[in-house]
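Student: Sequence:
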Amino acid sequence: MPYYRSAGSIPPKRHTQHRTPEGGLYYEELMGEEGFSSDSSLLYHVNIPSAVVDVRRWELPDQTLVPNHPLAPRHFSTHALFDDGATGVDAVTGRRLLLGNGDVRLAYVVADTPSPLYRNAIGDECLYVESGTATVETLFGDLEVAEGDYVVIPRATTHRVVPTGEAPVRIYAIEANSHIGPPKRFLSRYGQLLEHAPYCERDLRGPSTPRVVEGEDVEVFIKHRGPGAGGIAGTVHVYPQHPFDVVGWDGCLYPYVFNISDYEPITGRVHQPPPAHQVFEGWNFVICNFVPRKVDYHPLAVPVPYYHSNVDSDEVMFYCGGDYEARKGSGITQGSISLHPGGHPHGPQPGAMERSLGAEFFDELAVMVDTFRPLDLGEAARATDDGTYAFSWSGGRRLGES
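Going by the UniProt record's numbering, the first residue of the sequence shown is number 1, and it counts up by one from there.
Hints are computed from structural coordinates only; laboratory data are not their basis.
Hints may be right or wrong, so weigh each one.
Restraint-style ranges between C-beta atoms, simulated for each label pair [as the list claims (entries may be wrong)]:
1) 294 to 25: 33 to 43 Å
2) 30 to 309: 37 to 47 Å
3) 224 to 397: 43 to 53 Å
Ideal Cβ positions, reconstructed from N, Cα and C, are used throughout, including at glycine.
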């Protein structure tokens with residue numbers, strides 16, 4: 001996280017006594033990254049944070065992955081994964097796995113039910129809210145989220161997602177095996193977002209003041225490395241008291257929210273490459289967003305992307321709003337995901353270049369994840385692959401067809 005915050009009751013000096021009104025001691029917990037050598041926060045608990053009274057297996061949703069073979073660009077429909085009238089789905093146990101590799105997993109869920117308390121012990125999570133509203137309750141405090149919000153949740157943060165509107169909340173989940181944060185090129189050597197960054201600290205929303213929740217024998221679902229599919233396993237820990245028992249905390253490691261509408265797009269006279277749209281990064285992957293913006297203003301500019309072979313990356317686009325000019329005629333609509341694998345050149349659909357000439361503004365919204373290792377297909381991708389996207393640049397013609 002780029003900057004320091006403090007919330008609730010903390011002692012004037014770290015690692016010193018912090019007493020309850022009755023004279024007892026609060027329990028200090030250091031939550032830190034990279035072996036005490038990177039960002040951290042200190043949290044002050046009413047109860048011992050490591051106390052558990054039971055452990056059992058959590059059977060995760062299907063985490064199997066199969067190679068994208070034969071190699072092909074693909075189109076999936078997230079909106080086909082859940083019935084409009086489906087009920088009883090939560091944002092943790094209801095996720096369906098789309099794509100993944102050893103660095104990141106991409107999943108989707110439509111949730112209308114509060115999730116269990118949850119902790120990802122593998123890496124940070126970035127939840128993009130496609131639509132709906134929710135409260136993300138955490139031991140740091142609560143985050144109110146709505147359409148267009150990115151929610152960045154540090155590894156091992158206990159939290160749950162509680163839908164709050166009449167409609168379910170639709171979430172595109174990016175689960176890292178690492179940390180997720182602003183691109184290093186946007187940060188000063190001391191961690192401040194620089195002048196050329198497309199957003200700043202004012203755009204980031206931190207959690208509310210923490211609160212102490214009463215409860216006994218409380219379950220926390222934990223995703224961690226283990227013997228399951230993809231090297232991932234699940235465990236449930238039962239805590240004697242509710243883990244939301246923090247009276248105060250301070251530091252630079254905590255969950256936060258950034259809304260995509262606060263991203264200031266970088267434009268130019270000619271078409272800008274995808275890194276100009278980057279918002280976050282993790283180990284071996286980046287997150288970019290394409291937002292409504294003025295487009296290229298050279299008199300001979302071609303506003304849609306040029307054909308490109310990003311030879312080191314797989315590219316995943318989640319289309320979440322507006323009218324994506326370059327993909328017209330491909331079958332892609334709201335909620336679609338396209339996968340363009342490394343080794344296959346891709347670009348605008350036939351006719352898109354010509355239609356874009358003279359355009360001054362694009363009303364489009366998409367979240368892109370580029371990975372530097374090939375992505376495999378999860379059960380949700382296999383269930384919704386349209387089977388025809390690879391042939392959309394040739395007008396749908398396949399070998400043997402006239």
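Student: With reference to the structure, classify each hint as holding or not holding.
Tutor: Hints, one by one, checked against the model:
About 58 Å separates the C-beta atoms of residue 294 and residue 25, a value inconsistent with the hinted range of 33 to 43 Å. Checking the proposed 37 to 47 Å range against residue 30 and residue 309 shows it holds: the Cβ atoms sit about 46 Å from each other. The given range of 43 to 53 Å is respected by residue 224 and residue 397, whose C-beta atoms sit roughly 47 Å from each other.
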